Amino acid sequence: MCGICGMVSYAGPPDLTLLRRMMGRLGHRGPDGNGWYRDQRAALGHTRLAIIDTAGGAQPLCNEDGTVWVTFNGEIFNYVELGEELRRRGHTFRTAADTEVIVHAWEEWGEECFSRFNGQWALALWDRRAERLVLSRDRLGVRPLFFTRLPKGLLFASEVKSIFADPRVERAFDPAGLDQTFSFWSPVAPRTAYRGIEQLEPGHYAVLDRDGLRKASYWRITFPERGREPSQNVQENAAALRERIIEATRLRFLRSDVPVGAYLSGGIDSSVTAAVIARYTDAPLHTFSLRFADSEFDEGQYQKQMSALLGTQHQDVMVSRSEIAAIFPEVVRHAETPIVRAAPAPLFLLSKLVRDNGYKVVVTGEGADEVLAGYDIFREARVRLFWSRDPGSAKRTRAAELLYPWMARSPGRVPAFARSFFGRNLDPSDPALSHRPRWDSTAVIKSMLSGDMQDRIGHTDAGDIVAAMPSGSENWDPLSRGQWLEMTTLLAGYVLASQGDRMLMANSVEGRFPFLDRDVVDFANALPARHKLFGLEEKYLLKRAFADLVPADIIHRTKQPYRAPDAASFFADGSPAWFTEVTSERAVAAAGVFEPSVVAGLLAKCRRSGGENMSNTDNMRVLAVVSTQLTHESFIAGGGQWTLDRALPDPSVAVDLLTDDRSAP
Amino acid sequence: MNRNTVEQLLRDYHALRNPETDPELEAVRAAILVEDVFDVVLSDAEIDATVLGDASAVAALVAGLRRAV
Chain A
1377 MCGICGMVSY
1387 AGPPDLTLLR
1397 RMMGRLGHRG
1407 PDGNGWYRDQ
1417 RAALGHTRLA
1427 IIDTAGGAQP
1437 LCNEDGTVWV
1447 TFNGEIFNYV
1457 ELGEELRRRG
1467 HTFRTAADTE
1477 VIVHAWEEWG
1487 EECFSRFNGQ
1497 WALALWDRRA
1507 ERLVLSRDRL
1517 GVRPLFFTRL
1527 PKGLLFASEV
1537 KSIFADPRVE
1547 RAFDPAGLDQ
1557 TFSFWSPVAP
1567 RTAYRGIEQL
1577 EPGHYAVLDR
1587 DGLRKASYWR
1597 ITFPERGREP
1607 SQNVQENAAA
1617 LRERIIEATR
1627 LRFLRSDVPV
1637 GAYLSGGIDS
1647 SVTAAVIARY
1657 TDAPLHTFSL
1667 RFADSEFDEG
1677 QYQKQMSALL
1687 GTQHQDVMVS
1697 RSEIAAIFPE
1707 VVRHAETPIV
1717 RAAPAPLFLL
1727 SKLVRDNGYK
1737 VVVTGEGADE
1747 VLAGYDIFRE
1757 ARVRLFWSRD
1767 PGSAKRTRAA
1777 ELLYPWMARS
1787 PGRVPAFARS
1797 FFGRNLDPSD
1807 PALSHRPRWD
1817 STAVIKSMLS
1827 GDMQDRIGHT
1837 DAGDIVAAMP
1847 SGSENWDPLS
1857 RGQWLEMTTL
1867 LAGYVLASQG
1877 DRMLMANSVE
1887 GRFPFLDRDV
1897 VDFANALPAR
1907 HKLFGLEEKY
1917 LLKRAFADLV
1927 PADIIHRTKQ
1937 PYRAPDAASF
1947 FADGSPAWFT
1957 EVTSERAVAA
1967 AGVFEPSVVA
1977 GLLAKCRRSG
1987 GENMSNTDNM
1997 RVLAVVSTQL
2007 THESFIAGGG
2017 QWTLDRALPD
2027 PSVAVDLLTD
2037 DRSAP
Chain B
33 MNRNTVEQLL
43 RDYHALRNPE
53 TDPELEAVRA
63 AILVEDVFDV
73 VLSDAEIDAT
83 VLGDASAVAA
93 LVAGLRRAV
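Residue numbers (the numbering used here), protein chains in the order written: chain A, 1377 to 2041; chain B, 33 to 101.
What the hints contain is simulated information worked out from the structure, not anything from laboratory work.
Only a predicted model underlies this, so the values are computations on that prediction, with no experimental measurement involved.
Some hints could be false.
Chain A side only, calculated, beta carbon under 7 Å to chain B, not exhaustive [what the hints assert, rightly or not]: (1) Arg1765; (2) Ser1769; (3) Glu1913.
C-beta: ideal position from N, C-alpha, C; glycine also.
Using the sequences and the hints, build the whole thing.
This is the structure in structure tokens:
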């Protein structure tokens, strides 16, 4: 994991000073070293978190004759196998790093190389002879890659703040990006929260040359037609899933030249990955957990149980509401986008714990909920479908009681509320039936927008995510359609970004996610839906597959998704000074996103209650306002003066073909 | 769909269940599974713990509903 940035300029030589400034804003992603390359048309920058071939893998890195250069963030986990194949085909390697596989794979297979990679990556390849830049991003969006188009070129970077190092780049909210955020919880690629800043879609590559920028996909999220899944045998499928998860976990634990730790949340996903490491590798395991002072969110007893069972060296960090409030501005500055949950904040503290213990890589259970159907949203959808077959049935109405038993204020305990919530806007033919309740409840935020922002959103086209569903998806199982929507929106835009990459990299820690392994995902997507969600039993096949490695009370405990204290954190012990400042009527008016009087009314209401018993709607409203205001203050107001600039050490790679006539390194 | 399939399904299902759950609610839970797996729609009378707890009854019920479609 690293930071990458660069530029292509067909109008004149790239600005090396700008490149160094861009790199300086990515120092947190790569504190172990840095390097750059420049020629007449392009410049590539790299800040390194050294994990594989720590001595020899400095970047940017080139092929044998120096005509193809790469700057790369991430891991190609099957680089050993690909390297062997490329050597057999005559390629010569100078390093033992996975990075070098990329340039040779590009030479050998062109754009087809990306479908051969099993990993998590964002990269830029520069072909000097063709004067062509190629950007590529992993299948599901684990690693970020942003760019902005210039009149005769392009700037790209791992984080937007790096692109903003160029004063020519406009700093303004994109109304369509905000519109998506206040429905889907994040912008959907290629959109971002900023006008003129794009993100490369997961599973895509882009080619820039003198003819312009073209994008294409090398992989898509897809599912078989319901009833035509390749294997219907649950035992065989459980065994095959187990085999793939074991291999994916082993690859992510063992393919590293530095020690790898693991997160342990107390749920089944991270318990499985930690148990696999303990069972199938010889290395000692260090595990890390989040604890919450709020008992409603704490899973400490399960974490301790699993840690004791596996014999791991275990550490946790106890998170309080006041800590969430204190670090929230820094969290938003790393996330770089409005968020409607405070959940990234504790994860920031968790990655800090990892780093403070000398680790820079962790394996986590991220992705299992999307890939193997663990989220309540999928159970909700099944209940809604069941309900819709006879909405007048008293028995079917009781199905709402089966949802959310873990919640202190479960809808099942207030049947009238459940009926109004799950029965609202219910259309069984709606391809997005699974997501309407979430999108509708989130969209309440938009009622707080200023008149001007509402007008601007009204004049933009945020794109229709439902219309973008693949042709043939009408024949998928409804669960598959829900999974497609979840992977396309929340997984890439929020879970892997604001809650994932940014919170890990803020403390220079790389996350590795076995459940998002290419072979695991392809296999899981081809499973019959009932093997994932068996009635209302979530992640059914995963539980079957690992029943011998994970204790029954963890496997069968009531599902508790990762949640953290939310907006109450800003009111419980009095509001912090920064909060009062960024939410003042003056600041809200200056940002222009929300209506100041409406914000003032909401905050006054929350202050009166001290944040107690806030509704989900008010929670999201407060988080949306605060994070939007912080985003504005950090990146837009006053030209976006706030940065993470840090002085970089001397580069280990510095190739300037403008001043140095070398044609090879 | 045959009797063995239904029996296996119900065995897998009951292995997950808590016998102390409210029987009517348990019937609703089972009905959600049966409707999803077999692509049928049950009547309120058929959403019944006695019916849905018996493999023969479920097999007959599903076969009958499928014939009726």
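For each hint, the structure was consulted:
no. : hint    : verdict
1   : Arg1765 : holds (5 Å)
2   : Ser1769 : holds (5 Å)
3   : Glu1913 : holds (6 Å)
Comparing the model with each numbered hint stated earlier shows that all of them hold.
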